[in-house]
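*Asks:* With the hints as extra help, turn the sequences into a complete structure.
There are 2 protein chains.
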Amino acid sequence: MAGSQEERDWLETLRVKPGQKVDLSAWPTADKPNGHDKDAAEARTAEVTQSLAQLQFLLYADARSSLLVVLQGLDAAGKDGTIRKVMSGLNPQGVKVTSFKQPTAQDLAHDFLWRVHKAVPGKGEVGIFNRSHYEDVLVVRVHELVEEKVWRARYDHINAFEQLLTASGTRILKFFLHISPEEQLERFAVRLNDPTRQWKISEADYTERKHWDAYTKAYEDALERTSTKDAPWYVIPADRKWVRNFAIARIIEETLLSMDLKTPKVSVDLEDIRRHYHAAVAAAGADAR
Amino acid sequence: MAGSQEERDWLETLRVKPGQKVDLSAWPTADKPNGHDKDAAEARTAEVTQSLAQLQFLLYADARSSLLVVLQGLDAAGKDGTIRKVMSGLNPQGVKVTSFKQPTAQDLAHDFLWRVHKAVPGKGEVGIFNRSHYEDVLVVRVHELVEEKVWRARYDHINAFEQLLTASGTRILKFFLHISPEEQLERFAVRLNDPTRQWKISEADYTERKHWDAYTKAYEDALERTSTKDAPWYVIPADRKWVRNFAIARIIEETLLSMDLKTPKVSVDLEDIRRHYHAAVAAAGADAR
Chain A
1 MAGSQEERDW
11 LETLRVKPGQ
21 KVDLSAWPTA
31 DKPNGHDKDA
41 AEARTAEVTQ
51 SLAQLQFLLY
61 ADARSSLLVV
71 LQGLDAAGKD
81 GTIRKVMSGL
91 NPQGVKVTSF
101 KQPTAQDLAH
111 DFLWRVHKAV
121 PGKGEVGIFN
131 RSHYEDVLVV
141 RVHELVEEKV
151 WRARYDHINA
161 FEQLLTASGT
171 RILKFFLHIS
181 PEEQLERFAV
191 RLNDPTRQWK
201 ISEADYTERK
211 HWDAYTKAYE
221 DALERTSTKD
231 APWYVIPADR
241 KWVRNFAIAR
251 IIEETLLSMD
261 LKTPKVSVDL
271 EDIRRHYHAA
281 VAAAGADAR
Chain B
1 MAGSQEERDW
11 LETLRVKPGQ
21 KVDLSAWPTA
31 DKPNGHDKDA
41 AEARTAEVTQ
51 SLAQLQFLLY
61 ADARSSLLVV
71 LQGLDAAGKD
81 GTIRKVMSGL
91 NPQGVKVTSF
101 KQPTAQDLAH
111 DFLWRVHKAV
121 PGKGEVGIFN
131 RSHYEDVLVV
141 RVHELVEEKV
151 WRARYDHINA
161 FEQLLTASGT
171 RILKFFLHIS
181 PEEQLERFAV
191 RLNDPTRQWK
201 ISEADYTERK
211 HWDAYTKAYE
221 DALERTSTKD
231 APWYVIPADR
241 KWVRNFAIAR
251 IIEETLLSMD
261 LKTPKVSVDL
271 EDIRRHYHAA
281 VAAAGADAR
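So the sequence lines, in the order shown, correspond to chains A and B.
The opening residue of the first sequence carries number 1 in the UniProt record's numbering; numbering runs sequentially from there.
The opening residue of the second sequence carries number 1 in the UniProt record's numbering; numbering runs sequentially from there.
FYI, nobody ran anything at the bench for these hints, they're computed from the structure.
Be a bit skeptical, because a hint or two may be false.
If chains are identical, the list can't say which one is meant, so a pair holds when it fits in one copy or spans any two.
[Stated by the list, open to error] Within a straight-line C-alpha distance of at most 27 angstroms, the following computed DSSO-like cross-link-like pairs (lysine-lysine) qualify:
| id | residue 1 | residue 2 |
| --- | --- | --- |
| 1 | K200 | K262 |
| 2 | K85 | K123 |
| 3 | K101 | K118 |
| 4 | K200 | K265 |
| 5 | K123 | K200 |
| 6 | K101 | K265 |
| 7 | K123 | K101 |
| 8 | K101 | K262 |
| 9 | K149 | K21 |
| 10 | K262 | K217 |
*Replies:* Here you go:
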């Protein structure tokens, strides 16, 4: 299920290399995967989500490492949809999704990574962050909720924190869902005219649009400053949902495949257990007589 | 998707009525659902899991109530398998699975419901307990980890706790996965001969078997003392996995259907939002020129 070299080459174009300057206007929002049209990509995504379920079982069995997936993007970029479409086939027993909303008073009484640290996946688990500690250099910066010197210092805090997680066996993948302003507007229009989804609309969805350029700048800095070898950012062309789902599913699959996951050694004396077993069968037979 | 009266009648036979005496030897482990053979039941279960995904979305949107599913059963009864087979289609964003293992030192420094209370689902969420507070009247009783008067008092504590959850909008479903000793032995044998699953075997799986009758008695008391109108126990015939999955999926579906879930009223002025939208479209048009 490892996919073609052509696929892997395309996925690699989405990764922000450590130290690379990021000008988001040069990153496509509506790119298509090399060699796949929509039908082919959807068929591949269906295969890959099956593969993810198997790999998740190995991650759980192996229990030496964990996977943390960070989803970031503007309103309507598709964070919820990605979780629903890419992650729904996983066994919920090994998945922990955390949606970071407005911090509580208790959160604010601590450093900005306090609430995040509590939510990281344990060994064998997949953690999914719907928004994350990156909001503390995004919305917080755009709305000037703290002084500049405070949010500027956070890139280093974030890198040190992610290195701590990496060192204890967590693989980190960070996805920026990159959509165009036109696509966002189109998605808002769809919500506005869909009676089953109107309740999801808030005034903020629209009023935040005037900060588009400020958010873009904040994302560019975050991607530049925090895309590391062990915790890379990927800029996902997210105007088309099928491209987004394919790209994210495949990147997660490649990462899990690279982790050398295996079922653990047997920790008990199987021969002794077999003796137990035969004794139990014999006893059951005696009971039945 | 509500199913036939015949189906509902059969499901109702699995419910422990409040105050009912429970003699587990009289409850089938290998019953079949009225009117369904294996193929028909599996087809129905596939339909029902799709329905559960839709109902979960409504539960999340509605955000006035939550669902707590408690899974109990002896080793190899199928708790993990139920989660994988019945719950994997759910959106992991709204599902929280908690596996209660040996309590930690910190857990033991508190009352037995302390760690459980922290794990209950919030409004809009589905919580799944893989084992639960019931272990405190099961394994704790069988192995005499506390005095009898301590575990005996716990039935009342549990009922009061579950009433608290019910009063704040949590629907509780408790499933006892009822298997025969022969089926358990068969499942251990399968694990023993499957190289990908041998690592899951522990000595305790076998040594616990000698306490079968003590566990049965402890379950009978727990089912009798804590099956209430609002937090019923169901005794699931679990020797056949397809029967187990069908029964549990359908009971959860019936429960969600009975909860009168609906999407919330729109909380914003849609006309005002439409004006925002038209202004944004006009501005986008002006930019494009």
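*Asks:* For which of the previously enumerated hints does the structure constitute a violation, in increasing order of number?
*Replies:* 10
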